[in-house]
Each structure stands twice: as structure tokens, then as C-alpha cells.
Amino acid sequence: MSVKHLSLRGLALLLFTAIPTATFAESHLLVIAGLGGDPQYVDAFHEQALALADAALSSGIPEENIAVLTEEPERASDRIDARSTRDNVLAQISALADRSAEGDQVWVVLIGHGSSSGGVSKLNLPGPDLSDDDYAAALVPLLGRKVVFVNASSASGGFIAKLAGPDRVVVTATRSPGERNETVFGKLFVEALGSDRTDADRDGRISVLEAFLAANREVERYYENEKLLRTEHAVLDDNGDGQGSLQPEALGGEDGSSDGLLAARIFLGGRTEQDVPEELRGVAARRAELAAQLDELRRQKASLSEEVYNQELQRLLLEIARLDAQLREQGEPPTGSEGNESEGNDSAAAESDPDGPDGPPEVLG
Amino acid sequence: MSAWLANGAWAAYAHRILAVGLSALLSTVCGASARQPEPSPAPHEAEAAAAAEAEVPPPGAETPRPEAVEERLAELEGTWRESPASRAAVESYARALHQAGRYAAAAEAIGKLLAEDPAAVASLGSLQARALSARGRLDEAEKALRATIEARGSAELEARADLGELLFRRGDVAGAEELWYSLIDAYNARERLSAADLTAVARACQHLGRNDPELFKDALKAYDEALAADPQAIEPRIRVGLLFLEKYDSGEARTALADALMRSRESPEALLAMARVHRFDHSPLTRDLVLESLKGNPSSVDARVLYAQLLLELEEYDEALTEASRALEVDPTSLEALSVRAAAHYLRLDEEAFEATRAQVFALNPRYAGFYNRLSETCVQNRLYRQALEFSAEAVELDPRSWQAWGELGLNQLRLGEIEAGRESLEKAFAGDPYNVWNKNTLDLLDSFAEYETVRTERFELFIHRDEVDLLAPYVGALAEEAYTVLAERYQVEPPTPIRIEVYPRHEDFSVRTVGLAGLGALGVCFGPVIAIDSPSARTVGSFNWGTTLWHEITHTFTLYASGHRIPRWLTEGLSVYEERLGREAWGDDVRPEFLQVLRDGKLLGLGRINDGFVRPSYPNQISLSYFQASLIAELIDREWGFDKIRSILAGYRDGKETEQIFEEALGVELEELDRRFFASLEQKYAKALPAFVPQTDDPVDASQPGDEGETTIGEVEVTAVESSDAELERWAFEQPDNFRAQYSWGRRLMELERDEEAIERLRRAKELFPELVVSGSPYHLLAEIHLRRDEKDQAADELRQLVAINEYAYREYLQLAEMLERPEDRAEAIDLLDRALFIYPLELEPHERLAEAAQAEERWPIVARERRAIVALDPPNKAEALFDLSQALLRAGDRDGALREVLAALEIAPGYAEAQRLLLELAGAEGDS
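Heads up: the sequence lines are chains Z and L, in that order.
For what it's worth, numbering that gives the first Met the number 0 labels the leading residue of the first sequence as 0, then goes sequentially.
For what it's worth, numbering that gives the first Met the number 0 labels the leading residue of the second sequence as 0, then goes sequentially.
Everything labelled a hint here was simulated from the structure, so no lab data went into it.
Mixed in with the good hints there might be a few duds.
Subject to a maximum C-alpha distance of 25 Å in a straight line, what follows is the list of computed PhoX-like cross-link-like pairs (lysine-lysine) [said to hold, decoys possible]: (1) Lys161/Z x Lys186/Z; (2) Lys687/L x Lys186/Z; (3) Lys684/L x Lys602/L; (4) Lys186/Z x Lys226/Z; (5) Lys602/L x Lys687/L; (6) Lys684/L x Lys300/Z.
Facing chain Z, according to a computed beta carbon distance under 7 Å, are these residues of chain L, among others [what the hints assert, rightly or not]: (7) Trp437; (8) Asn877; (9) Leu903; (10) Gly911; (11) Gln916; (12) Leu919.
Every residue, glycine too, gets a C-beta built ideally from N, C-alpha and C.
Turn these sequences into a full structure, and let the hints steer you where they fit.
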């Protein structure tokens, strides 16, 4: 019985074109904890900010790439950079733009109480606040970076439409400015970023998407357990359309244009390409190509017969497993290049055997 | 005439599909063998009784007494005799006579007037015809009606409607419809119509609704107009009620009829209509209402027919025949009475009499589909589902416009698992009558079948919602197969396979599948080859054990099959509960205090009337208590005579023998003797428990506890400690060592006082007095709590062990005990406990994880694989890991293909998962090697 294979070379190239990433990418984090009001919130926001910084450190982001602003920096002056005032926030974002390079990953996370009025949403800061438009303007100099902007405050839904754009993942704790009650998403998102259990695909790293989905699951559980009506619905936008998704998918929907695709490929820290030895970069590139083929195969699952799908799945996974085993033998974590695919991957993919070890595939038709 | 009704009640009704009021519905529905929810008894019965009581005229001054009727008649007769030529006097007198069932006298009174005053036919001819028709003198009635129509007087429209009904009754559908359509023309042509005229128009519309369902709305509108014309009129109210009931909306029907009864409490027609509503709702007051109606009109053929139907439901066929005969004495041409007589003959397997009656019916009306509809309905009520289907097929053959028959046919097809055919029939019924709620709900349910998946096992076809199929199918399939094997061995029969098991995650869907409407209290239902049960997700944790429910329903499949579906309700339920008890430790009902109470109060019914407890309950919870009683009878027979006698009994029913003969032949004793032995066995069995609940005169409880006129009800003491002074409680416990409540109350108080040693002593005594009391807060629970706080883990475990040996619903306690069994030597017991907990609630992740781990430690790989599969089905946070674990388990269980499939699934989610990759390479290598 002949088995049909997929012709995935073109698709893989398409995928790489769709998600260009920088060579030698670095990660940066800016945490902004707003005004707490009650002491319990001051404490909570302070702790969440530091917990996020800890998670970033643990995941390999260099300390110099992490900045933390809180309402009371004196509580941990060795770890907190400054008070989270309007000017300090803008200064830190500007500094981020200065020290990061194109292709770097820049995380900006807002924690605190939010508000919304007259179509303008804000995070409450000590002193004058910054609006969604202010943040949008402040982020302009970060063009060319992959920006993850998380607003975990109440009434944060308005930020989605204002900040969405290319190479951006925008997450808000609420789907609309009208969800004004205190949120638990921020706390749970921070916890998710610091927990191994969040790593659903077991690749040793936590993607924005994994953290978002894990936190969302916990939010749901929280409201169920507390027998409360759910008053917050976090959303994520990474296709730039300004419409946040409640359930983004790693494959970005059937054609990769829905939310989730980019968020699944940006990680808090993790290894970068310069960590892969020169002699293994070809293997890593082939590995990335296979991963892209696998994504495309999964996307086409519904349109393929079970037999064809399984055959192709097994072929790809076996090759990935063999490559990963090879990388491991060399003491390299196999996923080192997966999340930080360089634009050079295109050429690497073109140079490697695009048909894989099983010979030229047949075209479905 | 078109769409008169713009914003009437019907518009609201049409959108209120699933919200119909079935709150009072009991679970003895349509003769299906429906299992009762346990342990909490269905509150529906008490609610039903209370709701019904609110509508039944209370006994006393306002209840019509025959003497009052007589007095009224005498008064009217006096007026008539004084003025025999007065049309008004004659009409009043004749109407009263007619209402009282004195049809001959009514016809005679009018006849005398017409002899002197022929022109009076214009107003009284219709009434005379009704009196003649009620006695089956149809030719004379027809003549009178035609004369009335020709006279073109005040009764003309009423006469047209009546004549249409008479012609329809004789099979002249075209003639009938011509007359009814003429009423619509009359409505459109005239400016002012009387209430009687409008009622006649409404009746015509209602009949013609079979051709155009829009006319049902017109009927309702015309009834409304009739009531506007005469706000005190009774007949339109009754007919509106019956119209709603015809569409399976008992709530609206009840409202309309209550309104009628408010205005005329003595109206036999209103009482009879209300009886129909109560019958629909399975209310215990149905019979009383019918008898009340018959008191007012002993000659009512309709009331006699309804009463005969009730008797058929009770499987009292001879009595039903007698009642049908009484109806036929009044009107020998009554098609309804003949049909119910035929149904009784059919159930008695008297083929000759059945055929003779059938011939009689079709001689009167060769197109009378109602005959087969009645047979179909009766067969469903008596669990003869295959025969019901055949009769409803005959009905649609005879009258393709009988939407009721199409609906019945569709439902019968569904009951036998013929899903597509059923859908087709229901679509036809719905197209013809879109206002039938049952059909509409069922079609909606069928639409949702696209969300279900079918899984085949050796002898079963599992139909489970796609969200639950991966989780539930392995458990449901395994238990069903086990049950089949066990029951085939015991009953020595093998029902045809595949048997279809439908599992509904929404109780409303299960309810619609079963009775067409929401609100059914049952948990499972069996139609023989088709079983439907609630999914565990449809119920709260601890209120439902799907395993026992399934076992119960599969037992029905066997007992129905072994008896040719002729087993009486009580016996099939009794055997099902008894088999539950044998299926697993703790399964099956246990004695409850309220059972002891009804035993003590002499309320348990003997074998001769035990079916009443299921079909016509007369006190709260009688249905569920009857299940338990019936199971004890089955247990007694098995214990004293052997199980082969139960098989003989089933064979006796299959052969069409009568109950008395069957039991005498099988057991060698008469029913009375069996009753005697049964009740003696109960006295013996509960010798200790009974006095433990007998209230004592010096109970401290008397002043503070609820009770009717100082009488204490046993059910109330279940886990309610008496609140009194410590000294009082102590004295009470000391003086009454055999009183459960005394021991329990003082024991619980001692526990609060942390006088643990004494508390343990009292609570142990309470437990000894009534070991079956295992609900939350039971002595077992309290003792376990005391031991745990004293760090006496083994003793606490022992208490829980005793508890779970009795309580099939104690989910948390199963898990708690399993957790306490940490030692390797206890692991097998822990595995068993976790396994049993899954019959209660398999939807939580943690028990599966614990069971998988425990089984893994014991290297019981099939269990590990099953549990790992369940974990995957529950969509855990880390699914890739769960799939990898499953793959490993399958490999250890010897299923390499399965292992490969699952590890690929794990890597599909997490392609870089190192351990899974290693397993894949290992499996692929082995594959390559082979």
C-alpha cells in the first residue's frame, strides 16, 4: 500500500516568513506595579512584581535586563529600580529601547488597579497615571523587537485595541474596560511563569501562551471554587487585529492567522541561538524546520485521513527525536533554537534536506 | 380564517417548550421501569400531593353531595312540571339531568316539549341530540342535529359542531370537516356570536387543527372570545384545559381547569378533565378525582373509560374490564370504551375476545385510529414496547393524519433504538402538529445526537456525549458486559444484542428521552433493548451511583425479556434492586427509618396491591419504599425457595398466566401465605431496629421536635440529635439503652464535650441498634472523627470501612478511607475502594491519579492503563505527560500498538519531550526490528 506524504517545504518557508525572529535574540523584562491603595494590595503587588523578576532570573534573563518599578521601592531597594511613577515608567521603557536590539524579546508587565473612563484605560500609578495611548506611544521606539505587553489590572480590556500590532503579544486581564472588579489573573499569570507545570509541551521553557492558558485555567477554577460569578476574562492578541482571544491556540487557527501562533513562540528567557555551538547550528536549524512542518501538519489534520496524518506525524516526530538525541549527546538542550528561530533559519532550512530522511514526499491532491 | 390570535396565551405557550410545569411529575412514567434517585427520596411525590390537594375540592360543605344534586334536580323538575311548555324550564331541567348522567330523562323532557312545540328544536335540538348520543342512539341524535341546523336558531352552530363530531365518530371524515369548516365561515360572516356559538367554532378549529395546525391557535382565540362573551362559562374553560393537555402542557391545562372548578366545583366534566391532568402528571389524586366526577355523573362513559385505564395501569385487568362494561352499558357504541375493553383483553392474552372487540370497533368506524392509539399507549404503560410500536404503525396506516399516532410511532421506534425511523415519524408528527411539546422536545434532543458518539462492545452499543465518551465508555462498557454475563447465567436467557445504552450529561435530555418533558425524577430507564441513564455529570456528587443504576436497568432488560415483557412493575423493580445488591458490596437500597415507620404503621401493601405503591402512591416516598419492599420480596423468594423459582415465575408471566397461579405453581403457596411469610420475615429482620425507633412517652424530644400531634416520625430522627440539657440527655440514654435517638443524641453531645470514651460507647450502641443508618453525620462518621482526633487511625479506618460496606454513595468516605490505607499490604483494598468510588463520580482527576499510582505499585497494568486513559480524557493541565504515562502503561500491559499511538499523541503536543522521545525511539526501533 502506498502512503502519501506531505510536501511541506513550501509551507515551512511560509511559516518562517510569517514569524521572522532575530538572530542572537535577548530577553528583557520591565515590571511595573501600580498604586495599591490598601496595604494588602501594596503587599500583593510588591510580591507579584518580585516573583515575576525571580521567575525571569530563573529562566535565564540576565539581571541587567530586568527592571522593576513598584509603589514602595524601599521595601527591597536592592532589587527594585525605582518608584512606579509616570516619569520613571516612561524612562524605563525608553531605556529598554536603548539597550535592546532588533529581534530581542521585550516584556512589559503591568500589575495593579486599573480604571477606564471615556474610552481611555489607565493603570493607577503613584502620581499621574499613564493611559493606554501613553503606553502605545512609549512603545513605538521598540519597533523591531518582539514585545510582550501584559496588563494584569482590572478594566484593562481597553489596552488590547490600543496596543495591538505586528510582533506584539498583548495580554489583558479583562476582555473589556467594563470588567472593573479586582482581578486574580495577574497573580496567577506570575505564578504560571514560575511553575514547571506550566510547560505543557515539555520543551523546558514557558511560552507566553502556556502561561496565559495556565493562568486562565486557574482563574476559572478560582471562581468555581469560590462560587463566584466570573468577573474577569483575560484575552490575548498576537495577530495584531486588536481583537483579543479568550482561547488562543498555538497553531494560530487553521491558517495560522488567529491569535496564539506568536505567543507560543516567545518564552520568558530560555536559551538563545548564540548558546548553540557553531557545529550544531545546522542540526538545530533542521530541528526548527521539522518543528514548523509539524505545526503545519497539525494545522491540516482535519483535512487529512487519519492514516496519512499518523504516518506523517510519526515520520516527523521520529526525526525530531533522533535530532534531539543527537543534540543531547552533544550536551545541548534540543529546543535551544526552536523558540528563537533566526531569519537565517530560512536559508538553513533551504540548505538541509527538505524532504526529510524518507525521500521525496508525494503531494496530496 | 387565519391567524386570529396575535398576542394570546398560545404565543407565549409556543415559546415555553421546555419550561412546562412538570414539577409534580413522579417517576413512574409511561410504564417504563424507572429507577428512583437514592438516597434522598424524590420530593416530587409530596409536592405533587400538595399541589393536587390545593385543587381538589376539599371534603365537606362545598363538596357536592348526591343529596344536593337530587334536591337541585327536584327543584328544577318542579319548575318544569309547573311550566311544561316553558323552553327555559325544560332547558334548565334537561341540562341538569344531562350533567347528572340521566340522559334518557333529559331526552324525554325535551322530546315532550318538542312534541308540543316543534319550533323549540332551534334552541333545544342540540341538547336532545347530546342526550341521545350519550346512550349510543346515534341515528336519532343525527336526526335531531340535522333538524336543529335546518331550524337555523340559537343552537345551530353548536349542532353543526356536534354533528361533525358524530360523523367523525362514524368515520365520515369528509362530512365532519365540511361541517366544521362551515363554522369558520359562520364566524367570519356574523358580527355577534354567543358564548355557545364561539365555543362551537373553537371546537371546530380544534378538530381541524389536524389539517392546519395554525387552527389550534384560532381555537384558543375563539375559546377566549367565548369567555369574554360569558365570563362565567364553564365549558370553554374545560375545553381550553383539554386543548393544552392534548399538547402535553399540563401546567396551562391545570390553570384553566382550576379556574373552571373555582366557578363550578360540582361540574363532573371539570373534575374529569382535572383528573386527566393529574394522570398526566402521575399524581396520586387522579383516582379520587375520577371517582368524584363519577359521583356527580355515574353514567359518564368518559369517566368510566378513564377509570378503566387507571386500572390497566395498575395491571388490574379484570377490574378494568368491569369498568369498561359499565361504560358500554350506557353507550354500547362508545369507541373509547370498546378500545379500553380491547386493551384489557389484549393484556389478559384473551385473543378471541380481543379480536371480537376489534371487529366491533371497526364495524362502527372503519377508520378509527384511536383504537390503535389506545392499544399503543396501554402497551407502553405495560412495558410491551414492541407491540406498542406495531399498534402505532397500524394507527398511522389507518389515519395518516393522526399526528398523535405519528408521534407515538416515533417515540416507540426510539424506545426500541430505531433512531432514524423514529426521527422520521416525529418529523411528520411535528409538521402536522408543531404544538406538541413532547414531539418538539424529542426532535430537539435528536438534533443534539450529533454531539454523541457510539462505541461498540461485544454486546452493547454505548451512546455517550462526545465530551465524555473517552472517559466513560471504558467503564460503562466493562460494567455492562460484566452485568450481561452475570445475569445471563442467573436468568438463563440471553436478550438479543446489541443493547443500546444512552448516557445523558444533562438530566433534562434524559428526561425528554424518557417522557418527552423535563422534570423526571428517575435516574435511569429501560425499554428492553434500549437503556438510558443519567451521566454522573448530570448529578451532584454523592447523590448518584451510575454503576448501580446501570446494573439495575440491565436487570430490567433480562427480566423483561425472560417474561415476554409481561412481568408486573413491582417484580421487575424488586428484582432489579435485588440484583444491584448482589452486584457489588454496598450496592442497592438499604433499609431506611421511614421504611420501618411504614412497616410499623401497617402501610406496606401486600402482594395483591403492591403495584399501587408504584403507580398510585398514597403517601410521600411510597414509590421508593416500594422499590425496597419489592427487593426484599425477591430476596425472600431466592433465599427460601431458590433462584430457579424466580425463573419459573418469569416464565409463568411469559406464558400469560395470572399472578396468583404463577406464584402458587412456583412456590407452592398462595399469595396470602407468601404475604404472611414476608411480613413475618420483616418483623424478624428488623426486630432490633424497630423498637429502636419507637417513640417513648418520656422522650425529651416530644416538646421540641416536629411531629403530628405529638407523634414522632422515624424519618426525622435520622441524624438529628435532640437538643436538651446534658442531664436530661444522659438520663434518657441511661434509661433507654435500646433507643437509637437517645443513644445517638447523648453520644454526639459527649463528643462535643470531648468525653471521647463515653461518646464512643454511646455511638457504638446507636450503630448497633441501626447499622444501616449511613447518611452524613451517622454514628460511623462521628466515631471515625473521634478516632482521628485521637490519632487512632486504624479504628477510624475501621469505622469508615463499615460505612462504605453499606453506603453506595459515600464518595468522599471511599476516597478518605483509601487515603488512609497507606501500607503496602493495604494497597489492594485501597485500589478496590478507589475503583468503587468511580462508580459514583469518575469526573475528578485526583482519584484516577491515585488509583493509577496504587495499581502501578501493584503492577496491575490493565488498571493502570485504564486509569491513565481516564486521566487523558479528563484533559489534565499537562496532557503530554498524561499521554506519555498512558503510553508506558499500555506498553507494560502488553499493548505496543496502543503505546506507540499514545506516545505519538504526547509528542504531537510536546515534540521535544525527552522521555517520550526515548520511548518513541524504543518503540520504533522494536517496530523496525520486527
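Here is how each hint holds up against the structure:
no. : hint                : result
1   : Lys161/Z x Lys186/Z : 24 Å, holds
2   : Lys687/L x Lys186/Z : 59 Å, violated
3   : Lys684/L x Lys602/L : 17 Å, holds
4   : Lys186/Z x Lys226/Z : 19 Å, holds
5   : Lys602/L x Lys687/L : 20 Å, holds
6   : Lys684/L x Lys300/Z : 64 Å, violated
7   : Trp437              : 35 Å, violated
8   : Asn877              : 6 Å, holds
9   : Leu903              : 6 Å, holds
10  : Gly911              : 4 Å, holds
11  : Gln916              : 4 Å, holds
12  : Leu919              : 5 Å, holds
Going through the hint list in order, the structure does not satisfy hints 2, 6 and 7.
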